[in-house]
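Engineer: As a plain string of letters, each chain reads:
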Amino acid sequence: MNHKYDVVVIGGGPAGAMSALRAAQAGVSTALLERDREIGLPVRCAEMTSIEVLSRHFSVDEKLVANNIKTNKYITPDNLTINLPLTGRSVIVERKFLDAYIAAQAAKSGAEIVTRADAVGMKMSEKKIDIDVVHQGEQKRVEANIVIAADGIESRVARWAGIDTCLSPIDLESAAQYDMVNLNLDDPNSCLYYFGNNIAPGGYLWIFPKSRDRANVGIAVQASRTQNVTAKQYLDRFIEKHFPMGRYVGFVTGGVPVARPLKEPFTDGFMVVGDAARFVNPMTGEGISYALDSGSFAGKVAGEAIKKNKREKKALRKYSQFCNNEIVQGFKILHKARKILQKIDDNELCRINEIAKKIDPQSFNPYELLKIVIRNYPELTLDLAKSFFKNQRRRNGG
Amino acid sequence: MKKNNLRNIQINQLTCDSCGCCVSTCPQEALTLNEKNLVYVKERCNYRNKCNRCILVCPVGALKGENHEPQV
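Residue numbers (the working numbering), protein chains in the order written: chain A, 1 to 398; chain B, 399 to 470.
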């Protein structure tokens, strides 16, 4: 590791690696600092995305793909199941291969990947940023012209830049997941989503298969509702009941931010990307696509800024505009819907599922479901209903 | 019970899976993760003033303290 770079990216997940790739491709000196000993592990992710999302950024090697998913199945406590056929090619990826693949591309483009590099502090001055790093146990200092914070759920780096990223437990999903075998699933190409206040309060439990036999079986629970029962306990209870013959291969915990994204994910010489910026779909918990999109754009903007020798906040504003147009706008109605869904009881949830079941599957989409939710909750103002319908015309694929 | 225990949270480093939920929720930046474990800076902690967000959000219950109303 040198002591000076044009661009330093902190965090080696998909957002950080994409930032480093695009900055390096712009021809500026780039370092990617990863605290862990390798990129990609541990995998704290349910691993569902789509080939369309990945292809926006690079050509997809089939080695990254564990399984194809044709249907999402939503199950409410009354055991009513809605089948939603998926368009395009949804897949379960191997994050350990995906993350390493993107980092490898960044390295090949000239980025320096530094592992066991823990950023512990940052000082911003007029023309540069000094980062304190513990690298392989030694205290070091690295100077950067531009810093991109890609440090995930913790999002400490942005706080050092004066941006408040602290999550209330209401806006955080406490999550846990097993890699399991011996599942004998009915359909190896369907993802299952279980809802219910006794199953996963304020969230859902998922079964994302890699084969008929093996799946990511995990849960996300609204963190404010885990006073007496942890996320892991909810998950264990479900598995005991539904998969008594299942065997464990691995276990991880995680946190999913469902807060509103940062209003201003940037300042002088500084941008925040991915989960660190809270760019996560508040309904599904999906983060991969937003990490790739924001990371890629931030890296590109950083490269341009270095070459034009303009690092002030206003020179980076187009990053914020991009995120606002492509990510934040689409989330607004979803945040409101999430808050409603997190408050309703199991009876109401089942009723919504019943209504949704009557919609023709060919025309079914999550926005149809949202319309139903909003119609049934008249306390929403007219303004909200208007913004919902306006947003529907601009929707992205969620 | 020692007076000290009433002011601080307790961490089970072996139960902790380093997910970062507690770090993300701490308004005082009293918790950080390094390569090896979860670091607690008790001088910054507000547990004695009834904050127990970190205890609440942990997916595996690795943090504990004396029971009081969870602050959300």
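Please note: incorrect hints may appear among the correct ones.
[Said to hold, decoys possible] In silico SDA-like links for lysine to any residue, alpha-carbon gap of 25 Å or less:
id : chain 1 : residue 1 : chain 2 : residue 2
1  : B       : Lys-462   : A       : Lys-128
2  : B       : Lys-434   : A       : Gly-250
3  : B       : Lys-434   : A       : Cys-166
4  : A       : Lys-96    : B       : Leu-431
5  : B       : Lys-462   : A       : Ser-168
6  : A       : Lys-128   : A       : Gly-27
7  : B       : Lys-434   : A       : Gly-137
8  : B       : Lys-462   : A       : Asp-132
9  : A       : Lys-140   : B       : Lys-462
10 : B       : Lys-434   : A       : Asp-118
11 : B       : Lys-440   : A       : Asp-118
12 : B       : Lys-448   : A       : Asp-118
13 : B       : Lys-462   : A       : Val-229
14 : B       : Lys-462   : A       : Lys-73
15 : B       : Lys-440   : A       : Thr-284
16 : A       : Lys-140   : B       : Glu-433
17 : B       : Lys-434   : A       : Val-252
18 : B       : Lys-462   : A       : Gly-27
19 : A       : Lys-336   : A       : Ile-355
20 : A       : Lys-70    : A       : Thr-284
21 : A       : Lys-73    : A       : Asn-347
Since the hints were made in silico from the structure, they are not lab data.
As the structure is a computational prediction, the values presented were derived from the model and not from experiment.
Engineer: Each hint should be assessed against the structure and marked as holding or not.
Structural biologist: Here is how each hint holds up against the structure:
no., hint, in the structure
1, Lys-462(B) <-> Lys-128(A), "violated, 41 Å"
2, Lys-434(B) <-> Gly-250(A), "holds, 20 Å"
3, Lys-434(B) <-> Cys-166(A), "holds, 23 Å"
4, Lys-96(A) <-> Leu-431(B), "holds, 21 Å"
5, Lys-462(B) <-> Ser-168(A), "holds, 18 Å"
6, Lys-128(A) <-> Gly-27(A), "holds, 19 Å"
7, Lys-434(B) <-> Gly-137(A), "holds, 11 Å"
8, Lys-462(B) <-> Asp-132(A), "violated, 31 Å"
9, Lys-140(A) <-> Lys-462(B), "violated, 34 Å"
10, Lys-434(B) <-> Asp-118(A), "holds, 11 Å"
11, Lys-440(B) <-> Asp-118(A), "holds, 21 Å"
12, Lys-448(B) <-> Asp-118(A), "violated, 31 Å"
13, Lys-462(B) <-> Val-229(A), "holds, 13 Å"
14, Lys-462(B) <-> Lys-73(A), "violated, 37 Å"
15, Lys-440(B) <-> Thr-284(A), "violated, 36 Å"
16, Lys-140(A) <-> Glu-433(B), "holds, 15 Å"
17, Lys-434(B) <-> Val-252(A), "holds, 16 Å"
18, Lys-462(B) <-> Gly-27(A), "violated, 49 Å"
19, Lys-336(A) <-> Ile-355(A), "holds, 20 Å"
20, Lys-70(A) <-> Thr-284(A), "holds, 17 Å"
21, Lys-73(A) <-> Asn-347(A), "holds, 19 Å"
Checked against the numbered hints listed earlier, the structure breaks hints 1, 8, 9, 12, 14, 15, 18; every other hint is satisfied.
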